[in-house]
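Assemble the whole structure, with the sequences as input and the hints as a guide.
Here the sequence shown stands for residues 5 to 284, where the numbers follow my numbering.
Worth flagging that the hints you see were computed from the coordinates, not collected in a lab. C-beta atoms are modelled at their ideal positions from N, C-alpha and C, and glycine is treated no differently. Just to be clear, a hint being listed does not mean it is correct.
As the list claims (entries may be wrong) - Derived DSSO-like pairs (lysine-lysine); straight-line CA-CA distance at most 30 angstroms:
#  : residue 1 : residue 2
1  : 41        : 238
2  : 41        : 239
3  : 275       : 190
4  : 239       : 52
5  : 165       : 98
6  : 52        : 41
7  : 238       : 52
8  : 190       : 165
9  : 271       : 165
10 : 271       : 190
11 : 275       : 165
As the list claims (entries may be wrong) - Have a look at the derived ranges for each label pair, beta carbon to beta carbon:
#  : residue 1 : residue 2 : range
12 : 49        : 125       : 47 to 55 angstroms
13 : 264       : 93        : 26 to 34 angstroms
14 : 71        : 168       : 47 to 55 angstroms
15 : 25        : 197       : 39 to 47 angstroms
16 : 11        : 52        : 43 to 51 angstroms
17 : 11        : 116       : 38 to 46 angstroms
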Amino acid sequence: MKTQHKHLLQRTYLVLVFGFMYLPIAVLIAYSFNENKSRAVFTGFSLKWYASLFHNEMILSALGLSLVLAFVSAIIATVLGTLATIGINSMSRKAQLIINNISYVPVVNPEIITGVSLMLLFVIVQKMGIGGENGVFGWITLLIAHITFNVPYVIFNVGPKLRQLDGSLYNAALDLGCTPRQAFFKVILPQLSPAIMSAFLICLTYSIDDFMISYFNCGTMQTLPIAIYSMTRKKVSPEINALSAIIFLVILAIILTSNAMDSRAYKRNQKAIRRAAAEQ
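Okay, structure coming up:
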């Protein structure tokens, strides 16, 4: 009897937690199909807010900028972070500890501090005469800012996977005649690829979602979160519900894709281990 009550309480608690987390999103998605502008009464099903969204030039322009910025910054941050992780892994234990602790700072730092500090740095650069008559703020400052806060996430995703690798495989590749570059691309990189892809997807989602750091470093440009913020200051349009629903579904698809890739890589590694054990 006590066991049944315990299971019931556990399930109730689980339902409440997930309901608290996802019920607001479900309501948002439902009202994105509301025919009326009302945020309290659902009057009927309609796709007109989605149609209106795709005719809103300001949103489309901000969306295009955010997507290009996210992909470019995520690619650069993933490359830099992976190379930094390999370099950190070759250091002494004490140096690794110091560098890893330093890398935590941008992650645990409040975004407003990171945004303001980057803005002040770019202001100093502008006062040095760099940036021309139009100033330094714009695409380049946005890109640098996004790369800056994304690189630590790559380090913390790729680092644990790199430490789990069997170093003897790399040495064996060198003994078999591979150059260090060939050994890296043929032995190390394939094993790191799931972690690298996960890091890339995390950078992509963080970059699309970022508001605070972009707000201080965008100049006259508008990313999607900034455009949404400017729209909500005037009036909450049902177009925002439609846009938020699309963003949520895209990010959900990215997360599911990342998890599926990790699961597939894990199963492939387990099969390889069992095959190697059977051959012995």
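Hints and how they fare:
{"no.": "1", "hint": "41 to 238", "result": "holds, 15 angstroms"}
{"no.": "2", "hint": "41 to 239", "result": "holds, 11 angstroms"}
{"no.": "3", "hint": "275 to 190", "result": "holds, 19 angstroms"}
{"no.": "4", "hint": "239 to 52", "result": "holds, 18 angstroms"}
{"no.": "5", "hint": "165 to 98", "result": "holds, 19 angstroms"}
{"no.": "6", "hint": "52 to 41", "result": "holds, 11 angstroms"}
{"no.": "7", "hint": "238 to 52", "result": "holds, 21 angstroms"}
{"no.": "8", "hint": "190 to 165", "result": "holds, 16 angstroms"}
{"no.": "9", "hint": "271 to 165", "result": "holds, 16 angstroms"}
{"no.": "10", "hint": "271 to 190", "result": "holds, 20 angstroms"}
{"no.": "11", "hint": "275 to 165", "result": "holds, 18 angstroms"}
{"no.": "12", "hint": "49 to 125: 47 to 55 angstroms", "result": "holds, 50 angstroms"}
{"no.": "13", "hint": "264 to 93: 26 to 34 angstroms", "result": "holds, 27 angstroms"}
{"no.": "14", "hint": "71 to 168: 47 to 55 angstroms", "result": "violated, 33 angstroms"}
{"no.": "15", "hint": "25 to 197: 39 to 47 angstroms", "result": "violated, 31 angstroms"}
{"no.": "16", "hint": "11 to 52: 43 to 51 angstroms", "result": "holds, 46 angstroms"}
{"no.": "17", "hint": "11 to 116: 38 to 46 angstroms", "result": "holds, 44 angstroms"}
The structure shown violates the earlier hints numbered 14 and 15.
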